[in-house]
Amino acid sequence: MITLNKKNHDIKLVAVGDNKTNEFIKDSAGAVTFISEDKTIYLVIKQKGCRIKQIKAGLKSALANYKQNLNIDLDSIINQLGEENKDLVFNTVYETISFLSHDVISFKKDSKPNKVEFNIQTSKDFSELETAAVIKTEFINYARDLQDTPPNIGTSEYYAEKISKDAESIEGLKVTVLGRKEAEKFGMGLFLGVNAGSAHEPRIVVMEYCGDSSKPKTGLVGKGICFDSGGYNLKPSASMLGMKFDMSGAAIMLSTTMALAKAKAKANVVAVAMFTDNKIGQNATLPESVLTSMNGLTVEINNTDAEGRLVLADGMTYAIREKGVDQIIEASTLTGALVVALGSSAIGVFTHQDELWNTFEAASLQTRERMWRLPIFEEHLERVKSGAVLGDLSNAVKGYEGSSTAAAFLNEFAEEKPFIHFDIAGTADIDGRGQGVLVKTLFEVLK
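Just so we're aligned: 249 in the working numbering is position 249 of the sequence shown, and the numbers increase by one with no gaps anywhere.
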């Protein structure tokens, strides 16, 4: 539980800088020292180095080692970064505490809820920022819980039912769940082709919120592969771990839409989450099959493990043709090549729209969600087309630059609409836990 100037606990956390006066305080950036006589945890923030990282590291250490109710002296932290950074400091502290203190999903017999309370003390007025922070962090954690759900529980039917039910309490949200019948009606051959080997029915969760009808309608399309075995192009056993997180894009887009609605934001969005799994079965799609997409393009399946772009393609077409969106923002754990390129250090971003990129880059500097723009060259599209023998496009081409060719494939389904693709393969989950990545940046851009 986090409060602002509402409670007073026995222990406090105070930030000190390079000129710390107590010789017992550890003298390294981001270090924390508890001095019992002072009933104070001292967090060292040095001018050299990234001070935001030092704040996060210090809070992480304090929360891990001192499990007790805590006052956070926010003004002392602001003093180390300067008054001009006070909003950034508030958001960093609030979001970090919320993330670290959240009761993550656990099925351990002895798991206990986190009852530690945190009170942020400050002389400054952060009431408006607090209101937004409460909502943002709620739905970052909501996305994390969806991501962390075990795959034997988190099926396409489960997610559709749970999210629909959870959305009922949020005013202004309209949720529609589409199944196989609707997918067949719309001609979603790519989506159904991925689902063909599954024992679970496909589900498309369509979530709409309009807080300002004068704004362009934005389509938020998310990949919802509940478990990705690779299909007949079966993944190695070691690569199966973490495949429950292949639905992270869908979790993020839906959570963002719920946050916008709860905040009564001046936004106009429709989220389209494509839920299925990718498994082997007697009806599963075979390599070298040719499937027809909702927009009429045929796709040669050269690798059944390149399934994410297939469900997203039909999701994008649905958003454009059935919901009339003016632009598409899409997120997916799409390519292993992105992990090779950026690891977990940054989100990969692909777009031909400089304005969209500039908007997100500016927002990311405030939310501290690092992004890196990567190219979609003409050569990438040429390879996507030339790689297919019988179809219009290949879903997997040989050679390098796999993240860019995947982005080029998706761009073919944007139908000339402004389109930006976020490959979150390296950032969606870390150390076996969902991160709720991108929610706060999307919220800031769209609100």
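For the record, the hints were derived by calculation from the structure and aren't laboratory data. C-beta atoms are modelled at their ideal positions from N, C-alpha and C, and glycine is treated no differently. Hints should not be assumed to be uniformly reliable.
What the hints assert, rightly or not - The calculated label-pair distances, taken between Cβ atoms and stated as ranges, are:
#1 D75 - V116: 52 to 58 Å
#2 D27 - E378: 52 to 58 Å
#3 F377 - R321: 43 to 49 Å
#4 G242 - A362: 50 to 56 Å
#5 N114 - C210: 45 to 51 Å
#6 V339 - S237: 15 to 21 Å
#7 K398 - C210: 42 to 48 Å
#8 H352 - Q47: 36 to 42 Å
#9 Q47 - P236: 45 to 51 Å
#10 P150 - V116: 24 to 30 Å
#11 P236 - N358: 38 to 44 Å
Claimed, not checked - List of simulated lysine-lysine pairs, DSS-like, C-alpha gap at most 30 Å:
#12 K60 - K26
#13 K60 - K46
#14 K266 - K235
#15 K112 - K124
#16 K215 - K6
#17 K235 - K162
#18 K7 - K60
#19 K266 - K323
#20 K235 - K398
#21 K115 - K262
#22 K264 - K162
#23 K417 - K323
#24 K266 - K417
#25 K26 - K46
#26 K26 - K109
#27 K447 - K6
#28 K417 - K215
#29 K162 - K53
#30 K12 - K60
#31 K26 - K12
#32 K174 - K162
#33 K56 - K26
#34 K112 - K46
#35 K26 - K53
#36 K53 - K115
#37 K7 - K48
Hey, K235 versus K162, does the alpha-carbon distance stay inside 30 Å?
-> Roughly 29 Å separates the two Cα atoms, so the pair holds.
Are K7 and K48 close enough, with their CA atoms no more than 30 Å apart?
-> 33 Å, violated
Under the criterion that the straight-line Cα-Cα distance not exceed 30 Å, is the pair K56, K26 satisfied?
-> 17 Å, holds
Verify the proposed pairing of K115 with K262, using a straight-line Cα cut of 30 Å.
-> 25 Å, holds
Given the proposed pairing of K447 with K6, does the C-alpha separation stay at or below 30 Å?
-> 28 Å, holds
For the pair K398 and C210, does the Cβ-Cβ distance stay inside 42 to 48 Å?
-> Between K398 and C210, where Cβ atoms are some 44 Å apart, the hint holds.
Is the Cα-Cα distance between K26 and K46 30 Å or less?
-> 12 Å, holds
For the pair supplied as a hint, K266 and K235, is the alpha-carbon distance within the 30 Å limit?
-> 43 Å, violated
Verify the proposed pairing of K53 with K115, using a straight-line Cα cut of 30 Å.
-> 26 Å, holds
Is it true that the CA of K174 sits at most 30 Å from the CA of K162?
-> Cα-Cα ~15 Å, so holds.
Under the criterion that the straight-line Cα-Cα distance not exceed 30 Å, is the pair K12, K60 satisfied?
-> It holds: about 15 Å lies between the C-alpha atoms, which stays within 30 Å.
Does the hinted range 15 to 21 Å hold for V339 and S237 at CB?
-> 18 Å, holds
Comparing the model with each numbered hint stated earlier shows that hints 1, 3, 4, 5, 14, 15, 16, 26, 29, 34, 37 do not hold.
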